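**Student:** Add chain R to chain A, keeping to what the hints say.
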Amino acid sequence: MGLFRNDHHSLSDERLMELVTRGDERAFGTLYDRYQRKLISYFSRMLWNDRERAQDFLQELFTKIAKRPQSYDPSRPFSTWLYSVANNMCKNEYRREGTRKAAVPHLKAESDHVNAVHGDGVDRERFRDRLDAELDRLDPDHKATFVMRYHEDMAIKEIAGAFGISEGTVKSRLFYTLKKLAERLNEFDPRITHITRTPARPA
Amino acid sequence: MMERRELYDPEDIEQLLLERPFDDLLEEERAFVLRHLTGREEYEAMRALLLRVHDDDAGSEAAEADPDVREHIMNVFRAEQRPQWRIWLNSVPSWLLPGEAGALWKPALAIASLSAIIMITVVAVRGREDKGAQLAVLQEDRKEAQQEGAPAPPATNEPAITEAPKEIAQPKSIATDQLEQSVAKSAMKEKYTLDAPASNFEAGATSDERADMTAEQRSVAANLWQDEERKLEVGDSVGSGSTAVGLAPASHEVTAGELMSNVSLAAAEKSTQAVTSATGTPRGRSDGEKRRMKTDASTDLDDRGDATASNGKDLIGLLRAAW
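Chains as they are written, first to last, in my numbering: chain A, 238 to 440; chain R, 1107 to 1429.
What you were told as hints is all true, and nothing was included just to trick you.
Beyond 12 Å from chain A on every Cβ pair, some chain R residues (computed):
| # | residue |
| --- | --- |
| 1 | Asp1130 |
| 2 | Arg1234 |
| 3 | Gln1253 |
| 4 | Ala1321 |
Facing chain R, according to a computed beta carbon distance under 8 Å, are these residues of chain A, among others:
| # | residue |
| --- | --- |
| 5 | Gln273 |
| 6 | Gln292 |
| 7 | Leu295 |
| 8 | Phe299 |
| 9 | Tyr387 |
| 10 | Leu418 |
| 11 | Ala419 |
| 12 | Leu422 |
Covered, in the sense of this in silico footprint (three residues per stretch, anywhere, with C-beta under 8 Å from a C-beta of chain R), are these stretches of chain A:
| # | stretch |
| --- | --- |
| 13 | 274-285 |
| 14 | 300-312 |
| 15 | 362-372 |
| 16 | 406-417 |
Treat the hints as calculated values from the structure; they're not laboratory data. Just so you know, these numbers come straight off a predicted model, no measurement behind them. Glycine included, C-beta positions come from ideal geometry on N, C-alpha and C.
The shape of chain A in the complex, shown without the other chains (with noise of 0.2 Å):
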């Protein structure tokens, strides 16, 4: 009788949660089905794209909610505390590389030039590496809120709990990441129509 049921793709993050918490094997999966995507890409972005350890990580985010369902802060929005769990994530396996890996090494963003043409398929997967090569020469606070900004299309209300700071703070990082970045990526300006390619110097 639907009267006696929880109906669970209505229920909030939080209330799941609870469920998830008392052991309803149905909640947890509506929680999985709800962030599965997004994590996916947030940690293919946090991690030089690579998709194997984007899953491996996204499963092993969920088995610790499994197996811990009461380490979760229900002062706290879930978003706000998955993201914050992810996060500190990609920070050890960070430590655990030792160095910022980049995602197309041989590749200077100096001196490299492009065809600048809009829409541009090509254009736009190269454009995507670069993106990506100069966020991991950032620092991975900025990075990752980079990523949830612009990727994850959160709110710097959110981001701020992610990370435990001010708003003011994300306003100011999100700031002067996105102009250090728009230095760094100039080549890509739709502006510069006739833009001659050189190639590629060896690393």
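**Tutor:** Just chain R now, with coordinates in the frame of chain A:
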């Protein structure tokens, strides 16, 4: 200027970058931007990058994890969880009190439906019980009506000595009749024994007075009790149908006059016996002579006047005290 500064913050620059090129900015907006940026070139470079990032993100399809990942984590979850009946019990409070106010209608409707079903069931069951009770009451009323329709025993002027005879006027079983007669006997015995307090007479003598009764008075009282008992036994032998008749003596209250006549008769008999034994006259008397003596005694009693009456009254009082 201060007011304009307070209106804008770095987040607003991001909004301006997304909305308008540098040339379309308002003067105050341009002034604010130039406080944070070097000039038009930097603003346009940032704007181009931001738009490209947005376009790139919108064009890319969100990747989905492999189904194996979901299956694995669900297995882990199941392995960690408690028995399902506990899950169901734990979910009851959350179902009854959902966090969202808009979801309250479901448990409210379910509880209201359940309450209505219970109420209907209770009313139906009670209705059947009431009908049964009403039938029982009707049957009892009919029985009482039938019993009231039966002929009642003849009413007597004197009140009954005991309560049992009143009930015996109604047709009852033989065992019930015998029980009631034994009750009446015991009541009678209690009435006529010396240790029993006075009952149907006027306020009798105290226990001290009873103790002062002469042996003669005691023997008279004992004889009266034996006579009454014999009458009761006669009533028993007649049968249940005549219990009313057999117990008529039990229900008959001895009046003062009767008692005085009996006492005087007994005294007269004794005196006669004493005289006869002294003079040698044969003792036996005929029934007629006895009756005459009784009548004379009663007549003499009436004619004697105050002296005899006062003696009799004293004796009655003593007897009452004894009984």
